[in-house]
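S.K.: Chain by chain, the residues run as shown.
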Amino acid sequence: MKIPLKYTLRNFQSRRLTTGITVIGIAMVVFVFTAVLMLAAGIRKTLVATGSTENVIVARKAANGEISSIIMNDTYNIIMSIPQVAKTADNRPMATGDVVVIINLTKIGTSGGISNVTVRGVSQPAFQLRPHVKVVEGRMFTWGAREVIVGSSIFRRFEGAQVGSTIKFAGDAWTVVGKYEAGGTGFDSEIWGDVTQLQDAFNRPGSFSTVTFRMASSDQLDAINKSFAGDNRLQQFEAKTERRFFEEQSEFMSIFISALGIFITVFFSVGAVIGAMITMYAAVANRTVEIGTLRALGFRRRSVLAAFMTESIIISLVGAAVGLFLASFLQFLKVSTLNFGSFSELEFSFTLTPETITSALIFAVLMGLVGGFLPAVRAARLNIVNALRSA
Amino acid sequence: MANVMIQVENVSKAYRRDSFEIPVLNNITLNVNEGDFLGLMGPSGSGKTTLLNLIAGIDRPNKGTIHVGGTDIAALNETALAKWRATHVGFIFQFYNLIPVLTAYENVELPLLLTSLSKAERKKHVEFALGVVGLSDRIHHYPKQLSGGQEQRVAIARAVATDPTLLVADEPTGDLDKNSAEEILTLLDRLNKEFKKTIVMVTHDPRAAEKAHTVRHLDKGELT
Amino acid sequence: MRILKLMFKNTLRHKLRTFLTIFGIGVAVMAFGFLRTVVTAWYSGVEASAANRLITRNSVSFIFPLPLAYKDKIAKLPGVETVSYMNWFGGVYIDKSQFFARMAVDPETALEVYPEFIVAPDQLAAFKNERNSCIIGADLAKQYNFKLGDVIPIEGDIYPGKWEFVVRAIYQPRDKMVDGTQMWFHWAYLDERMRQEMPGRAGNVGWYIIRIKDPKDAAQISEEVDKLFQNSRAETKTETEAAFQQGFVAGTGLIISLLNFMAFVIIGIIMLILGNTMIMSARERTKEYAVLKTIGFSGSHLTKLIAGESIIISLLGGGLGIALTYPIVGLFSLVVPKSWFPIFYVEPMTLILAGSSALLVGIVASLFPIQRSLRTSIVDGLRFVG
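Protein sequence lines correspond, in order, to chains R, E and S.
Residues are numbered in the working numbering as their position in the first sequence, beginning at 1, plus a constant of 7.
Residues are numbered in the working numbering as their position in the second sequence, beginning at 1, plus a constant of 249.
Residues are numbered in the working numbering as their position in the third sequence, beginning at 1, plus a constant of 658.
The reader is advised that the hints may include incorrect statements.
Examples of chain S residues lying across from chain E (beta carbon under 8 Å, computed) [stated by the list, open to error]: (1) Met665; (2) Lys667; (3) Asn668; (4) Ser791; (5) Lys945; (6) Glu946; (7) Lys951; (8) Gly954; (9) Gly957; (10) Ile980; (11) Leu982; (12) Arg1033; (13) Ile1036; (14) Val1037.
Just so you know, the hints here were simulated from the structure itself, not pulled from any lab data.
Given the structure is predicted, the values throughout are model-derived calculations rather than measurements.
Just so you know, even glycine gets a beta-carbon here, dropped at the ideal spot from N, CA and C.
Input sequences plus hints: build the corresponding full structure.
M.R.: Spelled out as structure tokens, the structure:
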């Protein structure tokens, strides 16, 4: 015979304050847990979406990021000669050698700190390779001119990055002629210009940071890697899909944030579990007579155990719901941080995924189970006679 | 010529429960002399406990005045009233109300902590009080190690520890069996006759009423 | 203070509950201490900065080099004691997760501008004499079991190719605030190879380190240095070392905010746990408090009693938490390579904050029960069944 749910629910009403406090404690833990996961997911999502699975990006094997990779012109030509590089309509390689550097710009706003911003010199095919990049305001830069277009995130947040202004770097003034949007990916946090102009300005004639090209047909990565392994001149370099490359750029950050966040949240959860335990023990102590009565009426020990465990789990689920609800508002926040992978600013949003929600709920239920278990056991083990007498 | 100890004049009291006003005492006038032993009896809800509470200074009347030992206690503020209670009244409850985490000795010592007596002086008072109630051999026991009658005796010792002139008792034998009740009443009698304490006692118990000098009845908030 | 005994006894009333509360607070305070230690480790670069050191870098960003020729011009400025320079080498040792700082330096001046790196004179001489030698920090040596004479192979990325360096000196960090995981080698060795392989990149340094005579001159000298190179191909930005380090930290401001936010949440949770316990205790003792009032205890007595009990519990919890912080920090240091978090220890400020938070929580958690006990009249309290 099961103890009716009504019993559990009405009991909440009579101990509103301490129940409420326990719910808030669990909600706080769930909120922090979820926020951390959302942060890590947000970084990953932005960067993963940056690259396509149809493009391959080549960088120096030892390089810790695009800015520390160097590919000389002759290597570029060798790469262009491998058969897996797709061709454009006029039979030229659909490839771009990019020069990637970092410049400092000042943030708009009260703190006005300086930040690292990625500047990418590209060649014409870059826009075919990355079709999600579209100029939305002003115009595209003129090839051969000291002109740049800025990504929407930089446009919004940095001084001097508006259409018509000039940015000074490499001993020259570069005119911002347009703003582009890149669908909320990593490219939104960059500034693009003509690669030859940038090579010249940065005194890097004939060298690129990375080379990106479209695969002639999909799934040729293995073949490409074989070509690389087989050629002496290409052994210092490796090819990855663009998606995988940028995903890796986010790995360190998101693993770091997740690990740190979860490590700490586990501590919080111990605190919340203890709070839940205290509340549940008090609940049991206060209903000793009732429990004795229920048992005298014929309800079995396991029903008593189940009733109290249910109570505990309901508390934690309500707490989880509150925590998740509050955390979901974070999705409206756009935040930016220094991405360790690229060493420059990356803007992203907190992303709430179904996996995160599931994890949070499981976590909460675990807290409820652990917190409610011992008190529920105590309730179930009460001796009927003693319990009735304790009035 | 007996001195008047307690002067209750035209006192009325009503309780508020949510938005209802429940009248409990209606225009009570009562005098108690020094050394009196007064019993208050009446049916449930007659207001006898309320009257006791007012005299002991743990509640305030809505109308009227109460003078105890010459002091208008209804006019005192909370802090002054607390101080007054500490030295002028000893309260004995039906359910003893001892602090469970304190020993008998420590329970009796409680009111003395509010005075400026030194530790040694307090010890004398405590031992004396426990001696009077006949519990010198159990001073380091906790309430749960004592029987009901013994607990009540500790409570009485606590009530007399600061040597107050007035003792107030609310159904002191209500929870006790016949023999323990008898012991407690004998003790109260002794406190009244030997130690000259003025006692006001609320009771249902006719045996208890017998020990009192005077018995007044309360019914529906009025003295008869 | 006579009621101190009653306070203590009150906490022992429900031993399990009191124990759980103290333990819960202890864990939370430990998490707080750990968090703060992570945050302070983040700022350790800023903390370790010297007031008399300036950093001059390319004004576009630090990934662009400066010409070596600038050195003499800077050295001539009044107030400048020593000028040194470094290049960030980067590269990979074994695999990308083996991270530690690798830099090309000027052996003659590097240790002059960083006196907190302490080297035995004979080792210093050996380092200076050999072109392909390197000097490593004692903590790095311990992490990888490097000894004098070992060869460290690095695969270059910014400076491509295979490189090998012989350990000729090991420096001791002056105190625990100094990074002991760095590896320095000869700038000339780097430059020589660049001249052979990528001549366009030779003759360039990453940044200059300027030791000035008087920290008060920092702002003025910074301006003068930058003026020297205004309108040139490589304009400079000179700032105090602290400001330079702060720039790195500022980039990850979001993470620090997150950590600080978590620290607040923890304090909130502690308050909830303790508040919960105090409310329950106070509720159960409603009748008792009324009895105490009857005996003559005043509102202020009760306030002290309740607050006292709350503070005792919170301070015990805080003490437990502080005691636990050390092992947790120690565990973290064991698990995470020292070169990732070169400075990682519990600062005195962290202890002070943890302790005062515990005290504050003890006070705040008692407010509601105190208010309740003051508001409840004696008569209502005696009647309470709860």
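S.K.: Each of the hints needs a verdict: does it hold here or not?
M.R.: Hints, verified against the model:
1. Met665: Since the shortest Cβ distance to chain E is 10 Å, the answer is violated.
2. Lys667: Holds. Min distance 4 Å.
3. Asn668: Result: holds, 6 Å to nearest chain E Cβ.
4. Ser791: violated (72 Å)
5. Lys945: holds (7 Å)
6. Glu946: Glu946/S check passes; min Cβ-Cβ to chain E is 6 Å, inside 8 Å.
7. Lys951: holds (7 Å)
8. Gly954: For Gly954/S, the interface hint holds, since the closest Cβ of chain E sits about 3 Å away, which is under 8 Å.
9. Gly957: With Cβ-Cβ at 6 Å, under 8 Å, it holds.
10. Ile980: Violated, about 29 Å.
11. Leu982: It is violated, given that the least Cβ distance between Leu982/S and chain E is near 29 Å, above 8 Å.
12. Arg1033: violated (11 Å)
13. Ile1036: holds (4 Å)
14. Val1037: holds (5 Å)
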